[in-house]
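Here is what each chain is made of, one letter per residue.
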Amino acid sequence: MAALKTVLYLLVYPGLIFLFVYSTFAEWFDRKVYARLQNRMGPTHTGRFGLLQPIADFVKLLSKEDVVPDRADKTLFSVLPVVGLAVVITAGLLLPVWYFEGSATAMVSFSGDIIILLYLLSLPTLILFLAAWSSTNLFSTIGGTRVLTMLFGYEVPLFMSVLSPAILANSWRLSEIALFYQHRPLLILPNLLGFVVALICVQAKLERTPFDIPHAETEIVGGTFTEYSGKKLGFFRLMTDIEMVVSSGLLATVFLGGFPGGLWLGLLQFVGKTLFIIFLLSAMRAMTSRIRVDQVVHFAWRWLAPLAVLQLLIVILIKGLLL
Amino acid sequence: MNDAQIIDILNTRFSGQVRDVTNPAVRRIFFTVEPKDLLAVVGGLKEAMGLWFLSTISGVDAGESFEIVYHFGHDHGNLNLRTRIPKADPHVESITRTSRGDPLRTRAPGHVRNGHRSYPRPASSPHVRRLAGRELPPPQGLEVRAARGGHPRR
Amino acid sequence: MRVAVFLPELLRHLFKKPNTVDYPFEKLQVPPGFRGTPFLHPEICIACRACERDCPAEAIVITQVSDVEKKFRLEIHNDRCVHCAQCVDSCPTTPKAMDIDNLYEIADFDRHNLKKDWTFVRAMPKKEPKPAAPAGGAVPQG
Amino acid sequence: MKFQIPIGPQHPALKEPISLRMTVEGEVIRDADIRLGYNHRGVEKLAEQKNWIQNIYLMERICGICSHSHSTCYVQGVEKLMEIEPPRRGIFIRYLVSELERVHSHLLWLGVAAHEAGFDSFFMYTWRDREVVMDLLEMISGNRVHYAINTIGGVRRDLDEGQIKKIRDGIKILRERSEFYLKIGSTEPTFVGRLAGVGYLSKADAIALCAVGPTTRASGVAIDVRKDDPHAFYDEVPFDLITADTCDVLGRTVVRIKEVLESYKICEYIVDNLPAGDIAVKAPKKAKPNEVVSRYEAPRGENIHYIKANGTDKPERVKVRAPTLGNYAATVVMLRNGFIADIPLIFAAIDPCICCAERVVELVDARSGEESVVRFSDLRALAAKRRPVRSVKGNVPWPL
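Chains as they are written, first to last, in this note's numbering: chain W, 368 to 690; chain B, 68 to 221; chain L, 3 to 144; chain Y, 5 to 404.
Treat the hints as calculated values from the structure; they're not laboratory data.
We put the beta carbon where it would ideally sit given N, CA and C, even for glycine.
One or more hints might be untrue.
Stated by the list, open to error - EDC-like mimics (lysine to aspartate or glutamate), calculated; alpha carbons at most 20 Å apart, straight line:
| no. | chain 1 | residue 1 | chain 2 | residue 2 |
| --- | --- | --- | --- | --- |
| 1 | Y | K49 | B | D104 |
| 2 | L | K29 | L | E107 |
| 3 | Y | K289 | Y | E52 |
| 4 | Y | K289 | L | D91 |
| 5 | L | K29 | Y | E142 |
| 6 | Y | K19 | W | E584 |
| 7 | L | K98 | L | D119 |
| 8 | Y | K49 | B | E134 |
| 9 | Y | K292 | B | E101 |
As the list claims (entries may be wrong) - A few chain Y residues facing chain L, derived, Cβ under 10 Å:
| no. | residue |
| --- | --- |
| 10 | T27 |
| 11 | I57 |
| 12 | I60 |
| 13 | L62 |
| 14 | E183 |
| 15 | K187 |
| 16 | N341 |
Put together the whole structure using the sequences plus the hints.
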């Protein structure tokens, strides 16, 4: 019976089906907000208000011709999208919002799961690099090197800014961190600086403007995805969507005090807070222009890293003086 | 620097090399030069009037010869230098020696790449194919692709 | 260093009506005088071939159907037409035989449907002194 | 290690086919090679087979964005050949449309440059406000792109009171929006970060390579045909020549936006003192044998038409030099020592109108260096030979 329940949880609720539906909804929300910020309509004709547009795109990609370049490493080239998807969905299971057995614990919750979540979220970047490298195309090679160069820029500030509230909450367990901030809502304020730094780093991780350099279509055609088409490209798109949902879930848990209030209220809180974060990401995407790779690394180490260290300092001071 | 001054510069300084200077409209001066002293005149104009702006080179198919018109712009008008080159041997010295001109790599001396050609053969004239004069070699590139089943991607 | 210079403008437009028009369902009005598709008033046409001579795209073809009763056939190839309305300007008749409407949705699945033709008997030019043809100064060659 | 990147004839950044071969070392460009000839349409040869009136509409179709520039340049030349003087009201309306076209061309460029730099919101906003000037042009001339308002000896349509009022309102909105774009274009940190110091063209290089238009004005070279060689209109209009001395893409952006603000001043001057009278003079059918060079300041730079008449009703030779061809030499110098990420931005900074600057190119055999011209019939024969290999779907017979 428990096995059946686990399979049900894996496949339906917090797992595949829910994440697929919710991430396509999140992509629709992002595209609609981005469009309305630019005073245009956004997807409107597929389904009510264009809700089914991301799903329509995904199904279209599934039906498209799937070309594998001659000199590419066929197995690696084909496996990577699926592995990327798997990694990101498992990261989704760690979020403390699924409410099994009554208490607000994730599908799998143990001390140190924030480290696992951060590690699982940085795996897709390496998968993108491997995908670019294995498709033996000039433009994707450049895209791949750019993915790695950017990784060195935003990875360290992201880890520092996400872990500083965990240090304040004095535990590495996501649900405990969330619980800590639910009991002391005032302590969210000192973390706002870390929240801004984390937002910028997540924008870079998801490769969205101003950091969408690896697949900047006006410079290097498709970048990492130049040789990908059909099902593989569809899976990569889905991977990026789910990664957006999971990253904003992580930020909501750590910075905005988790998702209290039982199964349904928790889910409502989860949807509300992640959409708020996605709104901020869309606003950033609409507000800025794409910057060059060297500027990303320069900006990261000149602004993001010092701010993250400052945030760490604030957290340690508060921890020492107040608690 | 109005037209009258330019005309008397042309007549005094390049008296031997320049002939039939006409001034059909305000700020428009046409004059003819022999191909052999083209470089001298252009160099001279550069020093005398600080002429630096070569707008373009027009080629006109005038029956048995090509008429090449160099359009120079100067601070308040337009100066047009005309030369005639026989169609049998359509070569004229490239003026990129005097004005620095075109940094696109020049393959053979005097032969500028397709931006500003030194012998601006008006490709639109019917004589271009006879000028090429040789039997047309088969276009190799397309042959190879056709042989390989035609579909590049497979 | 000004940050987020564009944000206030963006946020102001967040709840405004989008500027884009949902084309097939709402259509923008074309201003009067828009140059759409040329067409002929056959009863006024004096078959002087001014439009055929001045059409930059050679989209107008006038053939003589029968010589006895001066029957002509004017054919407009709308796929070649560049919609410049020079034919309307070159037409010497007053009121103009050649006219242009403001239809711009003329796409079609088969280009042969884009040909329109009129067969008509040539109207005689008016008897009073030859109207000073506005532009083009066409001499009817019959 | 060096390798060659083809920003080839088909590339998302290039709206029209042109080939830029970059030799690249890491992310830095060492050298660039521009190749033309992918879009040759034989406009000059075609112009020799059409009469003077038909050629107006052919000249317009040399370029989609600066169609009025080519048609005005051509009509100016032909009016000199035929020795007729268009009435002042016709001249005023003609240059009103040319200034409005400069506005729409610069706003279009601003959006495209923003898109190349990845600033899509700016692209959406500039192109939304460009609709105001497009509607004005559609109201005046009856079409959004090819206005066909010029005829030999004047213009074909008149302006009435209602249209003049609409033009004034439109210009008021546009001026306020353009000032906003000047603020955004020069202060938004991520956008300025991409533009400043990119595509450097020193003043000496700009002069030596005969660059034209806003590209050279941003390097401090003050040449503008409207000031140097005013044709019957611009010498009486109060407007000033915009130059910048930053010599980079940011300078070109600022020069273009300020030029748009100048154009509003010119448009308002035209609309304020539009003289009465008729708008066109009847033009003869033939022109006496003569030659003329007509110059015009297109949005991208100096436009030259060299027209030669031989007494018949068809021109003997029409030579068109569009401004973009003048800037190709400067582009090669600008691209050197740039980053790969900046290639589309630098190339877009000269506002290339590739179809304007198209030249026929000989096919050169890579091995033997021998030049040859492939006839149209050869290409057709080859296509016929490959037909069995082609997919069966549409064997549409050759329409021409």
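Within 20 Å, alpha carbon to alpha carbon, are K29 (chain L) and E142 (chain Y)?
holds, 16 Å
Check the hint pairing K49 (chain Y) with D104 (chain B) against an upper bound of 20 Å on the C-alpha distance.
violated, 31 Å
Answer holds if the nearest beta-carbon of chain L is closer than 10 Å to that of K187 (chain Y); otherwise answer violated.
Constraint on K187 (chain Y) satisfied, holds at 7 Å.
Using Cβ atoms only, decide whether I60 (chain Y) comes closer than 10 Å to chain L, and label the hint accordingly.
Holds: closest Cβ of chain L sits about 8 Å from I60 (chain Y), inside 10 Å.
Take a quick look at whether K19 (chain Y) and E584 (chain W) sit within 20 Å of each other, Cα to Cα.
It holds: about 13 Å lies between the C-alpha atoms, which stays within 20 Å.
Holds or violated: K292 (chain Y) and E101 (chain B), Cα atoms, limit 20 Å.
Violated, because 27 Å separates the two Cα atoms, which is more than 20 Å.
20 Å limit on alpha-carbon distance, applied to hinted pair K49 (chain Y) and E134 (chain B)
Satisfied, since the Cα-Cα distance of roughly 16 Å is no more than 20 Å.
Given the proposed pairing of K289 (chain Y) with D91 (chain L), does the C-alpha separation stay at or below 20 Å?
Answer holds: K289 (chain Y) to D91 (chain L) is near 15 Å, not above 20 Å.
Any CB of chain L closer than 10 Å to the CB of E183 (chain Y)?
Violated. Min distance 13 Å.
Per-residue hint verdict: N341 (chain Y), partner chain L, C-beta under 10 Å
violated, 26 Å
Could you grab the alpha-carbon distance between K289 (chain Y) and E52 (chain Y) and see if it respects the 20 Å cut-off?
holds, 15 Å
With a cut-off of 10 Å, does the beta carbon of I57 (chain Y) approach a beta carbon of chain L closely enough for the hint to hold?
Interface hint status for I57 (chain Y): holds (5 Å vs cutoff 10 Å).
Comparing the model with each numbered hint stated earlier shows that hints 1, 9, 10, 14, 16 do not hold.
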